[in-house]
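Chemist: Whenever a hint applies, use it, and build me the whole structure from the sequences.
Residues per chain are reported as follows:
2 protein chains.
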Amino acid sequence: MAAPARALAPSPESSARALGAKQDARRDQLAESALETLGELGYARTSLREIAAKSPFSHGVVHYYFASKSELIAYCVRYYKARCVTRYDAIVADSSTAEELRAAFAAKLAETLRDEAPMHRLWYDLRTAAYFEPDLREAVVEIDAGLEAMIWRIIERYADLARARPSFDSPTTYAVLDGLFESALTQATLGDPAAAGQRLEASAAAVLPTLISLHP
Amino acid sequence: MAAPARALAPSPESSARALGAKQDARRDQLAESALETLGELGYARTSLREIAAKSPFSHGVVHYYFASKSELIAYCVRYYKARCVTRYDAIVADSSTAEELRAAFAAKLAETLRDEAPMHRLWYDLRTAAYFEPDLREAVVEIDAGLEAMIWRIIERYADLARARPSFDSPTTYAVLDGLFESALTQATLGDPAAAGQRLEASAAAVLPTLISLHP
DNA sequence: CGACGATCTTGACACTCGTCAAGACTTTGT
DNA sequence: ACAAAGTCTTGACGAGTGTCAAGATCGTCG
Chain A
1 MAAPARALAP SPESSARALG AKQDARRDQL AESALETLGE LGYARTSLRE IAAKSPFSHG
61 VVHYYFASKS ELIAYCVRYY KARCVTRYDA IVADSSTAEE LRAAFAAKLA ETLRDEAPMH
121 RLWYDLRTAA YFEPDLREAV VEIDAGLEAM IWRIIERYAD LARARPSFDS PTTYAVLDGL
181 FESALTQATL GDPAAAGQRL EASAAAVLPT LISLHP
Chain B
1 MAAPARALAP SPESSARALG AKQDARRDQL AESALETLGE LGYARTSLRE IAAKSPFSHG
61 VVHYYFASKS ELIAYCVRYY KARCVTRYDA IVADSSTAEE LRAAFAAKLA ETLRDEAPMH
121 RLWYDLRTAA YFEPDLREAV VEIDAGLEAM IWRIIERYAD LARARPSFDS PTTYAVLDGL
181 FESALTQATL GDPAAAGQRL EASAAAVLPT LISLHP
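Protein sequence lines correspond, in order, to chains A and B.
Here the first sequence stands for residues 1 to 216, numbered as in UniProt numbering.
Here the second sequence stands for residues 1 to 216, numbered as in UniProt numbering.
A hint or two may mislead.
List time: in silico DSS-like cross-link candidates among lysine-lysine, alpha-carbon distance up to 30 Å [what the hints assert, rightly or not]:
1. Lys22(B) to Lys108(B)
2. Lys54(B) to Lys22(B)
3. Lys108(B) to Lys69(A)
4. Lys69(A) to Lys54(B)
5. Lys69(B) to Lys54(A)
6. Lys81(A) to Lys69(A)
7. Lys69(B) to Lys54(B)
8. Lys108(B) to Lys81(B)
9. Lys108(A) to Lys69(A)
Distance ranges between label pairs, derived from CB positions [to be verified]:
10. Ala194(B) to Lys22(A): 42 to 52 Å
11. Gln29(B) to Arg83(A): 21 to 31 Å
12. Pro56(B) to Lys22(A): 50 to 60 Å
13. Asp192(A) to Arg165(B): 25 to 35 Å
14. Pro209(B) to Asp24(A): 48 to 58 Å
15. Asp115(B) to Lys81(A): 31 to 41 Å
16. His63(B) to Glu111(A): 15 to 25 Å
17. Asp24(A) to Val141(B): 40 to 50 Å
18. Glu111(A) to Ala145(B): 25 to 35 Å
19. Arg26(B) to Lys81(A): 18 to 28 Å
20. Gly20(A) to Ala194(B): 38 to 48 Å
21. Trp152(A) to Ala90(B): 32 to 42 Å
22. Asp24(B) to Glu111(A): 45 to 55 Å
23. Arg83(A) to Arg78(B): 37 to 47 Å
What the hints contain is simulated information worked out from the structure, not anything from laboratory work.
In this text, all values refer to a predicted model and were calculated from it rather than measured experimentally.
Each residue gets a CB set at the ideal place from its N, CA and C atoms; glycine is no exception.
Modeler: Shown next as C-alpha cells:
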C-alpha cells in the first residue's frame, strides 16, 4: 500500500515534481486506453476492466490513478478536447479566398468523419449521456462551447474573405453545421461510410454560402 | 406457469382474438411505463425493475409480456414513433401562406421542446446508443426516416406556398433542422429551458427561408 | 546490500442487472 | 361450482459492475 489515488497534496518538492510528472504520464496513457475503449463501446458500455484490458495493466491500476470512474471519464474528456478543438485552425490560417476555405473546410469535415469516427461517436454519446448524468454536464458544456467557438472562427473568416457577414448568430451557425456532421456520422455508422463522407462534403459545401450574407 | 412470453402462435380463434387484444393492451400499458422511465433515466440506465416500479406490476410481468429487454425496447420505440411522426401534419394542412407556416412551425417546435423534452431526450439517446448497439439500429433507422419524411413534407409545402423550391435535398434539410432542435434541447437540459424555447423559435424562423430558393 | 516507498496484481466485497421458474391468485368456460 | 387457462408475485441464479485492500514486485536511495 502506498500513494493514495489522485494525491492532491503538493508533495515534498525535490523528486516529487518528476514523480508527479510520471504519474501524469501514466494517467495520460490510461486515458488513451480508455478513449480507445470508449470510442468502441460507448460511454455506458465501457467498464474499468475493459479499459484495463486495452492497456498493459490490470484493472486495479485504474483505481490507483483515478479515485473513481467519474474522475477517469472527466480526465479523458478533457484530454480528448485538447486535441480536437484546433482541428480547423490551419484551414482558417492558410485559406486566402472564400472558395478555397469553403472547399478545404468541407473536405476536412469529410476527412475527420472518415478517420476519427469512433471519437466523434463518443462525443455525441457523451453529450446525450449528459442529459441523464449530471456528472458529465460540466465537461460537456465546456467542450461544446469550445467546438462552437471553433466553428465561429471559421465562419467569421469565411465571411471576411467573402466580404460578407455571418447570417446567423454563433449558436445557430454551430447547430446547423453540427446537424450536418451528426447526420453524416449516423449514416457512416448505420449505413454506408463512403457515401456518408461524400454526402457530408457536398452538403457542407452547399450550406456554407447560406451561412453568410452580402454586406448591407 | 402458462402462456409463453410473446406467444406468436395464431391461437385457437374464438376467444383468442379478444385475448390477444388484452395482451396487446397490457403491452401498451407497460410500454407507456417504460417510456416514462426511459425518458427520465435514458436508455442505458433504465432497468426492467425500474420500469416495473413505474407500473402497477412487479418486475416479473415485464418478462411475461416481453421475451427480452431488447424486445421491450423495440416495442416501445415503435409505440413511440406512432405518436410523433404526424406531429406537424396539421400545420401543413392548415397553413395558407408561407409566412403563416413558417411562424406556426417555429412555434410548434418550441412547444414540443417545452412539453415533451423527456421523449426528445430519449430519442437522441437511442439514436446515439444505436452507434454501439446493433439491436437498436433497425428501429432507429426506421424512425429517423420517418422524421426526415415529416420534415420534408413541411419544407415542400413551405416552398409551394412561397412559389419556391427546396434549396437542398431531403437529408440535408432534415439534418439542418434537426441540428437546431438538438442544440435547443441541449440548452434546455443543461442550461436555461425558457431561453432554449425562445432561441429555437427564433433560429428556426430565421433559418427556414434559407432552406428554399426562388424559382429559377 | 538492504530497506523503503511507489507501483502493480490479485482477489474479494456488495450491489445491480437480465432472466427464469415455481407457485399463488384471478379469470374464464362449461 | 369446478377445472383449466391465463395472469401476477416472489425469489433465486449467474454474470458483470465499481470499489477497495492486502500483498507481491519493482526501482531507488541511504
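Chemist: Each hint needs a verdict: does it hold in this structure or not?
Modeler: Checked hints:
1. Our distance criterion of 30 Å between C-alpha atoms is broken by lysine 22(B) and lysine 108(B), whose separation comes to about 35 Å.
2. This hinted pair checks out: lysine 54(B) and lysine 22(B) have alpha carbons roughly 20 Å apart, not beyond 30 Å.
3. Restraint check for lysine 108(B) and lysine 69(A): not satisfied, since their Cα atoms lie roughly 40 Å apart, outside the 30 Å limit.
4. For the given pair, lysine 69(A) sits about 29 Å from lysine 54(B) by alpha-carbon distance, which is consistent with the 30 Å threshold.
5. Restraint check for lysine 69(B) and lysine 54(A): the C-alpha separation of about 29 Å stays at or below 30 Å, so the hint holds.
6. For the proposed pair lysine 81(A) and lysine 69(A), the alpha carbon gap of about 18 Å is at most 30 Å, so the pair holds.
7. Between lysine 69(B) and lysine 54(B), the direct Cα distance comes to roughly 16 Å. Compliance with the 30 Å bound is thereby established for this hinted pair.
8. Between the alpha carbons of lysine 108(B) and lysine 81(B) the distance comes to roughly 18 Å, so the proposed pair stays at or under 30 Å and holds.
9. A C-alpha spacing of about 34 Å is found between lysine 108(A) and lysine 69(A), which places the hinted pair above 30 Å, so the restraint is violated.
10. Between alanine 194(B) and lysine 22(A) the C-beta distance comes to about 49 Å, which sits within the given range of 42 to 52 Å.
11. Against the hinted window of 21 to 31 Å, the Cβ-Cβ separation of glutamine 29(B) and arginine 83(A) comes to about 48 Å, which falls outside the hint.
12. Evaluation of the 50 to 60 Å hint for proline 56(B) and lysine 22(A) yields a pass: the beta carbon distance comes to about 58 Å.
13. Range check, aspartate 192(A) to arginine 165(B): about 27 Å between beta-carbon atoms, so the 25 to 35 Å window is met.
14. At about 51 Å, the beta-carbon gap between proline 209(B) and aspartate 24(A) stays in the expected band of 48 to 58 Å.
15. In this structure the supplied range 31 to 41 Å holds for aspartate 115(B) paired with lysine 81(A), their Cβ-Cβ distance being about 34 Å.
16. Look at histidine 63(B) against glutamate 111(A): about 47 Å separates their beta carbons, and that is not inside 15 to 25 Å.
17. The hinted window of 40 to 50 Å between aspartate 24(A) and valine 141(B) holds, with their beta carbons roughly 43 Å apart.
18. Hint check: glutamate 111(A) to alanine 145(B), Cβ distance near 27 Å, so the stated range 25 to 35 Å holds.
19. Our hint of 18 to 28 Å for arginine 26(B) and lysine 81(A) is violated, since their Cβ atoms are close to 47 Å apart.
20. For the hinted restraint 38 to 48 Å between glycine 20(A) and alanine 194(B), the CB-CB distance of approximately 45 Å keeps it satisfied.
21. Taking 32 to 42 Å as the suggested C-beta distance range, the pair tryptophan 152(A) and alanine 90(B) conforms, at roughly 37 Å.
22. For the pair aspartate 24(B) and glutamate 111(A), the supplied restraint of 45 to 55 Å holds, since their beta-carbon distance comes to about 49 Å.
23. About 39 Å separates the C-beta atoms of arginine 83(A) and arginine 78(B), a value consistent with the hinted range of 37 to 47 Å.
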